[in-house]
Amino acid sequence: MSYSELKKKSVEELNQLLGDLRAELFSLRFKNATSQLDQTHKIELVKKDIARILTALNAKKEEGIK
Numbered sequence: 001m002s003y004s005e006l007k008k009k010s011v012e013e014l015n016q017l018l019g020d021l022r023a024e025l026f027s028l029r030f031k032n033a034t035s036q037l038d039q040t041h042k043i044e045l046v047k048k049d050i051a052r053i054l055t056a057l058n059a060k061k062e063e064g065i066k
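For the sequence shown, counting from 1, position 64 maps to 64 in my numbering; every step adds exactly one.
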């Protein structure tokens with residue numbers, strides 16, 4: 001998911017997506033701990049997506065302040 005796609009979404013959509021990705025990250029970490037996760041790189045991809053969403057949310061917050 002690219003940052004330009006995230007900028008177009010509303011705050012509610014971003015918060016929903018953030019919750020979904022955090023749940024997915026929890027699941028991936030649990031699977032990794034129990035050695036059920038074959039593709040461990042997915043953890044890093046989800047973490048980067050979460051960071052992009054948080055960046056987009058903070059940018060929208062800054063726009064609201066100005």
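Wrong hints could be hidden among the right ones.
Unchecked claim - As a list, the in silico DSSO-like pairs of lysine-lysine whose alpha-carbon atoms are at most 30 Å apart:
1) K60 with K31
2) K42 with K31
3) K31 with K47
4) K8 with K42
5) K61 with K7
6) K61 with K47
7) K48 with K61
8) K61 with K9
9) K9 with K47
10) K60 with K48
Since the hints were derived computationally from the structure, they do not count as laboratory data.
These are the hints, each one checked on the structure:
{"no.": "1", "hint": "K60 with K31", "result": "34 Å, violated"}
{"no.": "2", "hint": "K42 with K31", "result": "11 Å, holds"}
{"no.": "3", "hint": "K31 with K47", "result": "15 Å, holds"}
{"no.": "4", "hint": "K8 with K42", "result": "25 Å, holds"}
{"no.": "5", "hint": "K61 with K7", "result": "12 Å, holds"}
{"no.": "6", "hint": "K61 with K47", "result": "21 Å, holds"}
{"no.": "7", "hint": "K48 with K61", "result": "20 Å, holds"}
{"no.": "8", "hint": "K61 with K9", "result": "13 Å, holds"}
{"no.": "9", "hint": "K9 with K47", "result": "19 Å, holds"}
{"no.": "10", "hint": "K60 with K48", "result": "19 Å, holds"}
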